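Between the sequences and the hints, there should be enough to build the whole structure, so can you do that?
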Amino acid sequence: MTQAPDSVITDEMRAAIGVEGPPAVMEVEKTNCRMYARSVGHTDPIFYDEAAAKARGYRGIVAPPGFLGTPIFRPGGSGAVPGELGGRTFSVPYKRILNGGTDYEYFPDPPDGDAICAGDTITARSKISGFEEATGSLGPMLITTRETTYTNQHGKVVAKMYGTLIQY
Amino acid sequence: MGQVYFEDVNEGDEIPQLKKNCSTQQLVLWAAGSGDFYQIHYDKDFAQSTGLKGLIVHGALKNAFLGQLLHDWVGEQGQIRRFGCSYRGMDEPKQDILCRGVVKKKYSDGGKHYVELDVWTEKPDGKKTSPGTAIVTLPGKN
Amino acid sequence: MAEPFQITDEMRAQFGIDGDPWTYEVTTTSVRMYARGIGSEDPIHYDVDFAKSQGFRSIVAPLGYLGTPVYAPGSNDPTFGFPRRAGGPRLNIPFLGLLDGGTETEYFDVICAGDVLEETSHLADLKLKEGPRQMLFMTNESVYKNKATGKVVAKQRLTSIHM
Amino acid sequence: MADQTYFEDVKEGQELPPVKITPDKQQLVKFAAGSGDFNPLHFDEKFPMLKAMGLTENIVHGRFKYAQVGRVVLALAGYKGRVKKFGVSYRGMDLLNKEITACGVVTGKRQEGGENLVDLDVWTQDGDGKKTTPGTATVALPSRG
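Chains as they are written, first to last, in numbering that gives the first Met the number 0: chain A, 0 to 167; chain B, 0 to 141; chain C, 0 to 162; chain D, 0 to 144.
Everything labelled a hint here was simulated from the structure, so no lab data went into it.
Check each hint, because a few of them may be wrong.
[Claimed, not checked] Okay, the calculated bits of chain A under chain C, using three or more residues with CB under 8 Å as the criterion:
1. 44-56
2. 63-74
3. 101-111
[Stated by the list, open to error] Heads up, incomplete: computed chain D residues facing chain C, CB under 8 Å, no partners named:
4. Tyr5
5. Gln26
6. Lys29
7. Ala32
8. Ser34
9. Asp36
10. Phe46
11. Lys50
12. Gly69
13. Leu73
14. Lys84
15. Phe85
16. Tyr89
17. Gly91
18. Lys97
19. Asn115
This structure is a prediction, so every number in the text was calculated from the model and none was measured.
Quick reminder that beta carbons are idealized off the backbone N, C-alpha and C, glycines included.
Right under this line is the structure:
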């Protein structure tokens with residue numbers, strides 16, 4: 000597929016596969032865990048109440064599913080969440096872009112992993128894991144898959160996110 | 000809702016559904032919760048200027064709804080290992096979004112009891128807009 | 000309304016009665032979000048190292064931001080986030096119209112990310128303005144105490160207009 | 000942030016550098032996120048209460064204007080000064096996508112309790128110069144002495 004003569008995947012793009020971008024620091028705090036839980040409609044008190052979370056064996060208020068912290072915002076920066084639509088992009092002859100989907104993988108088990116709780120500082124490192132070309136109802140498209148690894152302040156890998164970006 | 004156990008679950012079982020219906024306020028709450036302030040989710044004129052008919056529900060919000068579906072199902076002793084979905088179709092605010100999951104496979108490995116599921120959101124006409132998969136662990140009865 | 004509204008001694012007797020305290024949290028992400036919300040790009044609200052270099056404990060809360068009330072479904076108003084607490088004054092106000100009349104904040108210390116504040120609130124004033132339509136100006140005062148030091152860091156008076 | 004202003008630098012009648020902002024819907028949604036006030040009056044043009052008020056455009060949060068006044072006051076205080084108090088009344092509505100200017104003028108200087116205090120009139124005004132959010136503020140400034 001990548002060897003097709005009309006491929007939009009360049010050598011530069013192939014060389015970028017597996018190369019980690021600069022790390023992004025994500026903060027998990029009580030306020031943003033609660034805001035996220037509230038915005039989804041969660042009712043489990045472990046997302047709101049520290050005492051309830053501790054009673055269930057967590058270190059603090061739990062980050063709801065899909066919440067991996069808020070990137071530190073700097074005025075003038077992009078504010079993009081790494082691994083979603085952010086990260087390195089390449090010049091391809093397609094104008095439109097779609098977020099194809101997102102998968103979250105969690106590693107909640109000690110000693111190697113841990114739950115994500117308020118008070119954590121998570122470092123996110125993102126890399127392109129592959130390019131694929133396809134032709135669908137939208138016409139020819141380039142599918143970029145990206146993998147982001149989330150490591151907490153104790154060096155434990157707590158989650159991975161797999162994102163799919165479609166350009167067509 | 001009581002704790003669900005590995006032994007209670009069979010392939011083909013559907014888990015309890017979660018019904019959502021997003022007000023424009025919820026889309027703004029989600030912008031706040033997620034940090035995604037793209038205007039197609041709350042500014043009708045902006046959405047229409049990009050060729051959309053009107054406001055649309057964030058794909059990531061539907062993904063998070065699936066997270067809630069699973070979190071509420073696995074209970075205090077279960078854990079979400081993996082979940083996610085593809086964004087295949089758009090949903091509009093003020094329309095029901097039904098979040099569903101069906102058990103695809105169950106197995107035990109390394110002392111843990113795994114359940115794999117197909118999960119998705121669907122529109123009132125049954126069209127799946129966010130198909131995905133999930134892996135959770137559930138407690139065993141002994 | 001059949002009878003014109005009057006401020007009674009019974010209502011005045013409610014002045015100063017505190018409701019149950021509520022916790023307000025000031026975090027780095029909440030300070031940055033507020034600063035973004037008001038369009039400020041002052042690094043004192045964003046950059047922890049910079050704020051420390053200027054002698055502050057952490058990034059500084061923008062003026063007007065006194066932390067985010069601890070939220071839980073059912074315990075807070077889902078639109079405004081304010082706490083539905085027990086205690087405090089109970090008034091029957093026969094007016095349906097409600098306007099935000101004003102905000103006044105008095106500071107006794109700088110509020111920074113990491114601060115956890117305990118807020119208590121009471122009815123501070125009632126004023127009636129007569130006219131073709133009666134307007135009741137109701138002022139609530141909130142006192143914010145730093146939980147770690149016990150020091151009052153701010154007082155905020157909110158006036159609502161009922162008509 | 001501009002250089003620190005000292006008490007000696009300030010004169011009665013002096014106007015402070017204004018802050019201008021034209022809030023669009025995204026700005027108000029960010030303010031909702033920051034402030035926790037998710038009243039649809041500020042972002043949903045079809046919200047029934049807007050219609051009841053005879054409006055077709057969203058209203059800017061009063062607290063947003065208060066915060067703009069806060070930016071003017073904080074800019075005077077700098078990092079070494081301290082804002083003692085600031086308050087405003089909400090007298091008029093401002094609508095989305097219309098320029099708002101937050102202003103301040105020095106009305107007095109005094110020394111009290113070992114502090115160098117500067118009193119201000121503050122307000123926001125709309126494009127026609129109408130003061131929709133008038134108020135006052137007091138700032139303690141460092142001295143050069």
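Results of checking the hints against the structure:
1. With 3 residues having a beta carbon nearer than 8 Å to a beta carbon of chain C, the segment 44-56 of chain A meets the requirement of three or more and the stated coverage holds.
2. With 5 residues bearing a CB less than 8 Å from a CB of chain C, the segment 63-74 of chain A meets the requirement of three and the coverage assertion stands.
3. Chain C is given as covering the segment 101-111 of chain A, and this is violated because 0 residues of the stretch bring a CB closer than 8 Å to a CB of that chain, at least three being needed.
4. The criterion of a C-beta within 8 Å of any C-beta in chain C is not met by tyrosine 5 of chain D, whose closest approach is roughly 16 Å, and the hint is violated.
5. Taken as an interface hint, glutamine 26 of chain D checks out: its beta carbon lies about 6 Å from the nearest beta carbon of chain C, inside 8 Å.
6. Look at lysine 29 of chain D: its Cβ gets to within about 4 Å of chain C, closer than 8 Å, so that hint holds up.
7. The interface hint given for alanine 32 of chain D is met, as the beta carbon of that residue sits about 5 Å from the closest beta carbon of chain C, less than 8 Å.
8. Evaluation of the serine 34 of chain D hint against chain C yields a held restraint, the C-beta minimum of about 6 Å falling below 8 Å.
9. A cut of 8 Å between beta carbons decides the hint on aspartate 36 of chain D: the least distance to chain C is about 5 Å, and the hint holds.
10. Interface hint at phenylalanine 46 of chain D: violated, since its Cβ lies 11 Å from the closest Cβ of chain C, which is beyond the 8 Å cut-off.
11. With a least beta-carbon distance of about 15 Å to chain C, the hint placing lysine 50 of chain D at the interface is violated under the 8 Å criterion.
12. Nearest Cβ of chain C to the Cβ of glycine 69 of chain D: about 3 Å, under the 8 Å cut. The hint holds.
13. Proximity of leucine 73 of chain D to chain C holds as hinted, the smallest CB-CB distance being about 5 Å (cut-off 8 Å).
14. Here the hint on lysine 84 of chain D is kept, as its CB sits about 4 Å from the closest CB of chain C, short of 8 Å.
15. Annotation: phenylalanine 85 of chain D was flagged as interfacial toward chain C, and the flag holds, the nearest CB pair being 6 Å apart, inside 8 Å.
16. A distance limit of 8 Å between C-beta atoms decides the matter here; for tyrosine 89 of chain D the minimum to chain C is near 5 Å, and the interface restraint holds.
17. Taken as an interface hint, glycine 91 of chain D does not check out: its beta carbon lies about 11 Å from the nearest beta carbon of chain C, beyond 8 Å.
18. Taken as an interface hint, lysine 97 of chain D does not check out: its beta carbon lies about 15 Å from the nearest beta carbon of chain C, beyond 8 Å.
19. For asparagine 115 of chain D, the interface hint is violated, since its Cβ never comes within 8 Å of a Cβ in chain C; the closest pair sits about 16 Å apart.
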